[in-house]
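One-letter residues, chain by chain:
2 protein chains.
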Amino acid sequence: MSITLYELVGSDETRPFSPHCWKVRMALELKGLSYECEPVRFTEIPTVADGSARTLPVLRDGSRLIVDSFKIAEHLEEAYPERPTLFGDGAGRAYARFIEKWVLMELHPLITRIAVREIHDLLDLPDQNYFRRTREMRLGATLEDVTRSRDEARPKFASALQPVRAVLDEQPFLGGAEPRFVDFILFGALQWVRLVSTFPVLAKDDVVDIWFERCLDLYGSLGRSYPACEG
Amino acid sequence: MSITLYELVGSDETRPFSPHCWKVRMALELKGLSYECEPVRFTEIPTVADGSARTLPVLRDGSRLIVDSFKIAEHLEEAYPERPTLFGDGAGRAYARFIEKWVLMELHPLITRIAVREIHDLLDLPDQNYFRRTREMRLGATLEDVTRSRDEARPKFASALQPVRAVLDEQPFLGGAEPRFVDFILFGALQWVRLVSTFPVLAKDDVVDIWFERCLDLYGSLGRSYPACEG
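Taken in sequence, the protein lines are chains A and B. Note that the UniProt record's numbering numbers the first sequence so that position 139 is 139, with each residue one more than the last. Note that the UniProt record's numbering numbers the second sequence so that position 154 is 154, with each residue one more than the last.
Misleading hints may appear alongside valid ones.
Put simply, identical chains are the same to the list, so a pair is met inside one copy or across any two.
Said to hold, decoys possible - When the alpha-carbon atoms are kept at most 30 Å apart in a straight line, the in silico BS3-like pairs for lysine-lysine are as follows:
{"id": "1", "residue 1": "K101", "residue 2": "K156"}
{"id": "2", "residue 1": "K31", "residue 2": "K156"}
{"id": "3", "residue 1": "K71", "residue 2": "K101"}
{"id": "4", "residue 1": "K31", "residue 2": "K71"}
{"id": "5", "residue 1": "K204", "residue 2": "K156"}
{"id": "6", "residue 1": "K101", "residue 2": "K204"}
It should be emphasised that the hints constitute simulated quantities derived from the structure, not laboratory data. These numbers were taken from a predicted model, which means no experiment stands behind them.
Given only the sequences and the hints, what does the whole structure look like? Please build it.
Written out as structure tokens, the structure is:
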């Protein structure tokens, strides 16, 4: 059965940048599954598959269609139990769920503040219009106003990562000796910043940066094969 | 071999209130081990066992002496592997480590702001002097000044718990279908507030409160057998 991942791109369709799509990419790699990627722009989301999805990623696995990165990970775990595990036991799944919510709450707002204007500039014109309208409504401010104070986001970003350091001081991956889906959740956020922004969020000697580099090396350096944003 | 838990008390030595000691109590219960509790006041810590401990809890297990609640949990897991697990697999241990740091960073400062003056009042006079001196130095403010704006801590407390709700919306315990050490870490913090303060930190319909009540029922309602603070 063939697997297709529909993932978000900007004007350059060879550079998928969505954190949620990256989580699924890495999950497919961990499971060792073959898959194809289909680039989709923001304004093309209604044309994906049966048209029911409002967000990306969408995964088509044979006749099944799954929306939402966490649901996709759960599907892969259930459908391919003989392959390496994404969660481990039940506590491992809850761990991933907690980290997903924590990253969304603590890190994504900071990344938005840092990079929302740069993301806008990477999009095609119709997507730029859509993106500006929806994001400015959500943020209650212009993209330019949001990013004006982005220097303040850096120390907050560094401080928010303290619980991650407590884990990475003791083991190579958040999931243990080997990466698991919980790693890909944080990786997705950092790979997103790396691909869309020139703003440095991590110090080079930060154990989180060392872990991130380790993740970029996984699966034949898949993450690293997409060069960092050069502005 | 006999197990003794040295745990922190105030002037009423029948009411241990330390969050870290409660984590260990619950861990000993989950493992189904017999143990004795030895009440210790702040200023008596240097008299515990060989005098090397600077903090409580301290666990004596036969000839071994272990300081620090997480290290104690790891010892119990290693020494009693045939009993129910505190962590599950490696990811489960990392989950507990993350939550430990997260609770210390996000919740303990708020609980201090809410309850530090009430904790002071529960102590014997020599402990009150010690507690006020060390805490005011650490906080850079008088206990009275710290608690003056404690109403502001309540919405922050409710908001900080969002990632916990994401997990508890889907399963009865943070650890899964059954409680694990990760549950006891958050339980310790909430039991601490319950025992030292009359300040309500959770709404009754909050899934976190429902989970907390569930934890109070565990092990023959051990947690509930210590009545809530009445001021």
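Against the structure, the hints:
1. Taking the closest pair of Cα atoms, K101 and K156 come within 30 Å of each other both inside a single copy (17 Å) and across two copies (16 Å).
2. In this homomeric assembly, K31 and K156 never come within 30 Å of each other (Cα to Cα): the closest approach is 34 Å inside a single copy and 39 Å across copies.
3. Taking the shortest Cα distances, K71 and K101 sit within 30 Å of each other both inside one copy (14 Å) and across copies (28 Å).
4. Taking the shortest alpha-carbon separations for K31 and K71, only the intra-copy value of 15 Å comes in at or below 30 Å, while the best inter-copy value is 34 Å.
5. In the homo-oligomer, the alpha carbons of K204 and K156 lie at most 30 Å apart inside one protomer (17 Å), although the nearest pairing across protomers, at 32 Å, exceeds that limit.
6. Both within a single protomer and between protomers do K101 and K204 lie at most 30 Å apart by alpha-carbon distance, with minima of 26 Å and 22 Å respectively.
Checked against the numbered hints given earlier, the structure breaks only hint 2 and satisfies all the rest.
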